[in-house]
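Asks: Sequence:
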Amino acid sequence: MISFIDEEQNSGPDLVKDTKSIFSDSGLLSKANNFEFRAEQQQMAVEVAKALSKNQHLIIEAGTGVGKSLAYLIPGILYAVSNNKKAVISTHTINLQEQLTEKDLPMLKEILPLDFSFAMLKGRSNYLCTRRLQRARQQATNLLTSSEIEELKRITDWSSKTVDGSLSDFEIMPDPKVWDLVCSERGLCSSKICGHNSDFSKMGQTCFYQRARSRILGADLLVLNHSLFFSLLDDNGIDDDDKIDEGVLFNNDFVILDEAHNVGQVASKHMGMSVSSGQVRFNLQRLWNPKTSKGLLGLLRSGKATRLVEDAQDAMEQFFEELEVACDELNETKFTTKFNNGKRTVWKELRVRCAELIGDSLTLPLQRVREALLQVREDTDDSDTAHELAEFNRRIGELREAVLMFLSQASKDHVYWVEKSGKANTILSLNAAPIDVAVNLRRRLFRCSSPIILTSATLALSDLHSIKQSSRPKAKLNKPLEYFAGQIGADGVKAVQVGSPFDYEKQMKLFIVGKMPDPRDPKFRDALIGQIRNFIKISDGGAFVLFTNFKLMLDIADKLESFFIEQEIECLVQGAGVPRSIMLERFKRDERSVLFGTDSFWQGVDVPGNALRNVIITRLPFMVPDHPLVEAQIEAIEAREGNAFMEFSLPVAVLKFRQGVGRLIRTKSDNGIVVVLDNRVLTKRYGDIFLHSLPICPKEVV
Numbered sequence: 161m162i163s164f165i166d167e168e169q170n171s172g173p174d175l176v177k178d179t180k181s182i183f184s185d186s187g188l189l190s191k192a193n194n195f196e197f198r199a200e201q202q203q204m205a206v207e208v209a210k211a212l213s214k215n216q217h218l219i220i221e222a223g224t225g226v227g228k229s230l231a232y233l234i235p236g237i238l239y240a241v242s243n244n245k246k247a248v249i250s251t252h253t254i255n256l257q258e259q260l261t262e263k264d265l266p267m268l269k270e271i272l273p274l275d276f277s278f279a280m281l282k283g284r285s286n287y288l289c290t291r292r293l294q295r296a297r298q299q300a301t302n303l304l305t306s307s308e309i310e311e312l313k314r315i316t317d318w319s320s321k322t323v324d325g326s327l328s329d330f331e332i333m334p335d336p337k338v339w340d341l342v343c344s345e346r347g348l349c350s351s352k353i354c355g356h357n358s359d360f361s362k363m364g365q366t367c368f369y370q371r372a373r374s375r376i377l378g379a380d381l382l383v384l385n386h387s388l389f390f391s392l393l394d395d396n397g398i399d400d401d402d403k404i405d406e407g408v409l410f411n412n413d414f415v416i417l418d419e420a421h422n423v424g425q426v427a428s429k430h431m432g433m434s435v436s437s438g439q440v441r442f443n444l445q446r447l448w449n450p451k452t453s454k455g456l457l458g459l460l461r462s463g464k465a466t467r468l469v470e471d472a473q474d475a476m477e478q479f480f481e482e483l484e485v486a487c488d489e490l491n492e493t494k495f496t497t498k499f500n501n502g503k504r505t506v507w508k509e510l511r512v513r514c515a516e517l518i519g520d521s522l523t524l525p526l527q528r529v530r531e532a533l534l535q536v537r538e539d540t541d542d543s544d545t546a547h548e549l550a551e552f553n554r555r556i557g558e559l560r561e562a563v564l565m566f567l568s569q570a571s572k573d574h575v576y577w578v579e580k581s582g583k584a585n586t587i588l589s590l591n592a593a594p595i596d597v598a599v600n601l602r603r604r605l606f607r608c609s610s611p612i613i614l615t616s617a618t619l620a621l622s623d624l625h626s627i628k629q630s631s632r633p634k635a636k637l638n639k640p641l642e643y644f645a646g647q648i649g650a651d652g653v654k655a656v657q658v659g660s661p662f663d664y665e666k667q668m669k670l671f672i673v674g675k676m677p678d679p680r681d682p683k684f685r686d687a688l689i690g691q692i693r694n695f696i697k698i699s700d701g702g703a704f705v706l707f708t709n710f711k712l713m714l715d716i717a718d719k720l721e722s723f724f725i726e727q728e729i730e731c732l733v734q735g736a737g738v739p740r741s742i743m744l745e746r747f748k749r750d751e752r753s754v755l756f757g758t759d760s761f762w763q764g765v766d767v768p769g770n771a772l773r774n775v776i777i778t779r780l781p782f783m784v785p786d787h788p789l790v791e792a793q794i795e796a797i798e799a800r801e802g803n804a805f806m807e808f809s810l811p812v813a814v815l816k817f818r819q820g821v822g823r824l825i826r827t828k829s830d831n832g833i834v835v836v837l838d839n840r841v842l843t844k845r846y847g848d849i850f851l852h853s854l855p856i857c858p859k860e861v862v
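Add 160 to a position in the sequence shown, counting from 1, and you land on the number used in the numbering used here.
Quick caveat, the hints were computed from the structure, so don't treat them as lab data.
What you are looking at is a predicted structure, and each value in this text was computed from that prediction instead of being measured.
Just so you know, even glycine gets a beta-carbon here, dropped at the ideal spot from N, CA and C.
Some hints could be false.
Unchecked claim - Computed spacing ranges between beta-carbons, pair by pair:
1) SER374 x THR316: 19 to 25 Å
2) THR452 x GLU561: 25 to 31 Å
3) ASN694 x ASP317: 54 to 60 Å
4) LEU564 x ASP488: 19 to 25 Å
5) ASN770 x THR301: 55 to 61 Å
6) SER307 x GLU331: 17 to 23 Å
7) SER190 x GLN298: 54 to 60 Å
8) ARG740 x ARG603: 34 to 40 Å
9) SER609 x GLN299: 43 to 49 Å
10) LEU564 x ASP539: 27 to 33 Å
Could you build the full structure based on these sequences and the hints that come with them?
Replies: Here it is, written out as structure tokens:
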């Protein structure tokens with residue numbers, strides 16, 4: 161009998177012992193379908209168990225095929241249940257979330273002799289609040305246009321059929337304007353207003369979010385994505401009613417971050433600030449839209465407040481028009497003095513270094529709206545209306561603070577930029593992000609008392625000291641996982657590498673085309689076309705062709721169109737109007753198809769079996785420092801006389817290179833080739849860093 165069944169506190173040696181036993185040849189896991197003992201999986205599980213039992217943080221790289229998810233789920237479940245803690249499991253991709261909640265965890269409920277519960281954690285705005293729906297229906301004629309009323313009716317019909325009341329249950333997504341009226345909001349859908357003991361509940365009504373919240377608070381294990389994790393971390397947790405004293409998102413929790421190579425990038429986005437013209441316009445028009453004469457303030461017949469909202473909308477439109485003009489002028493100055501041989505380029509993200517790029521014509525009108533909302537709230541006798549006014553006051557206050565932050569640029573450790581988005585790039589947003597996210601993560605994550613486990617198949621780098629640097633200081637990278645740890649503020653955290661059970665020497669062969677021109681040579685494009693054609697013939701399709709430049713990818717795809725027609729091979733090209741998920745399904749079904757992809761296809765894509773037998777790397781994935789955040793990070797390294805190439809550009813490229821190559825071998829029965837069409841792996845001193853980062857396998861220079 162496994163000892164954890166009888167142990168009251170399963171920690172320390174018992175947790176490690178029980179975990180090792182479960183993963184043994186004849187352990188509990190052997191009851192699972194398709195079980196195969198993997199020493200690497202057992203090793204990883206034991207390391208996770210040790211970290212949890214000692215209440216320590218851990219970074220662990222586990223090669224492809226180890227079975228990482230079970231290796232952290234099993235010790236995590238044992239530790240959570242026996243110690244009355246909550247396990248928070250965060251992933252980067254939807255695919256892995258679905259694997260955990262639909263496959264791995266249900267299987268473990270069948271074979272583990274202890275009772276545990278799990279739930280998927282979604283952002284609250286994903287859920288319908290039935291109390292808000294009821295109220296929206298009562299106010300529909302004053303708040304919504306005729307087409308929006310029809311959409312509200314559709315949501316109402318759906319609410320009587322849905323299982324969990326979340327957006328994922330829709331076949332066709334609802335209109336965002338209408339959904340915003342009925343989804344759960346922090347100030348409008350609390351446990352006091354909509355929860356189990358509320359007056360609303362006593363009337364026999366059920367709020368989908370509060371029902372989900374009860375499941376979440378009662379679950380031993382939660383699964384969510386990195387984006388939501390860092391958003392909640394920034395909001396100090398999920399539960400409005402409890403202050404977090406000892407924990408990360410909940411009191412008494414611990415965290416496991418899978419696909420951890422993306423943590424720094426996602427955290428940077430959520431620890432910064434962003435406010436768009438669309439956000440400001442949307443919230444003001446929810447209060448009062450002069451074009452439709454609809455809005456909350458129209459319902460309340462507050463003439464003064466509606467006039468102030470109209471003034472704020474006019475100020476908003478003028479502010480963002482002036483911002484675009486100022487950015488166009490800044491872009492023209494930047495590129496005529498420094499870049500592109502004096503040719504002006506169209507900007508999408510533009511760094512702003514000067515405080516008060518334009519005059520502040522927006523924050524005062526927004527403040528006047530807030531003051532008017534406070535007055536209207538004092539005058540109303542309806543508690544629901546008062547809550548709604550308070551929520552709008554909070555939203556507009558946050559938007560106003562974000563605009564002030566951008567215009568003042570008071571935080572010198574942040575980078576600031578303006579970004580275009582939406583159809584025809586008509587939406588402008590103000591953005592700020594910390595240049596060094598490690599400082600924030602060190603404080604918010606790694607100084608807390610709860611264990612934090614980070615894992616991925618690609619975290620490690622070879623020692624960069626192998627390249628001699630005469631003129632600049634060497635990158636301080638003595639251990640393979642030290643770079644990753646430093647990037648996320650986990651300096652000093654225990655780091656472990658676990659190998660892959662795959663036999664790469666038999667399963668994979670690496671071809672390097674040495675006769676290729678340098679990627680900066682004009683002849684490179686034509687050479688690329690010829691070599692892609694050649695290696696696709698060799699594998700008879702079944703290839704991922706990975707690019708670093710979207711425009712070049714489309715150009716090459718166009719030039720090879722006749723070749724693919726002649727070979728009767730379907731070429732799936734990213735950005736050609738087919739969603740990524742559908743492209744992948746078509747690729748898997750047709751074993752001769754070829755897929756051309758850029759950034760998102762270098763990682764997080766799993767195609768086991770014969771469908772993928774050739775991965776072609778067209779160019780080493782060095783990041784172009786054209787994004788303001790990347791530019792600022794490079795400048796910060798150079799400001800302290802560091803080597804930006806060695807400390808930033810090269811490590812990022814090597815890790816992405818490993819990710820790309822890692823698409824090929826996903827199971828023990830997979831076989832195939834990797835083709836590198838960038839000869840810098842042979843001609844540059846740093847080339848060996850890329851090659852040594854790969855599993856040992858046969859190599860051939862052609």
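Asks: Please go over all the hints and tell whether each is borne out by the structure.
Replies: Hint check results:
1. Separated by about 24 Å at the C-beta atoms, SER374 and THR316 satisfy the suggested range of 19 to 25 Å.
2. Between THR452 and GLU561 the C-beta distance comes to about 29 Å, which sits within the given range of 25 to 31 Å.
3. Restraint check, ASN694 to ASP317: a C-beta distance of roughly 57 Å satisfies the suggested window 54 to 60 Å.
4. Between LEU564 and ASP488 the beta carbon distance is about 23 Å. The supplied range of 19 to 25 Å therefore holds.
5. Checking the proposed 55 to 61 Å range against ASN770 and THR301 shows it holds: the Cβ atoms sit about 60 Å from each other.
6. Against the hinted window of 17 to 23 Å, the Cβ-Cβ separation of SER307 and GLU331 comes to about 19 Å, which satisfies the hint.
7. Between SER190 and GLN298 the CB atoms are about 59 Å apart, so this pair conforms to the stated range of 54 to 60 Å.
8. In this structure the supplied range 34 to 40 Å holds for ARG740 paired with ARG603, their Cβ-Cβ distance being about 35 Å.
9. In this structure, SER609 and GLN299 meet the distance hint of 43 to 49 Å, their C-beta atoms being roughly 47 Å apart.
10. Range check, LEU564 to ASP539: Cβ separation about 28 Å, and the 27 to 33 Å hint holds.
Consistency with the previously given hints is maintained throughout, with no hint failing.
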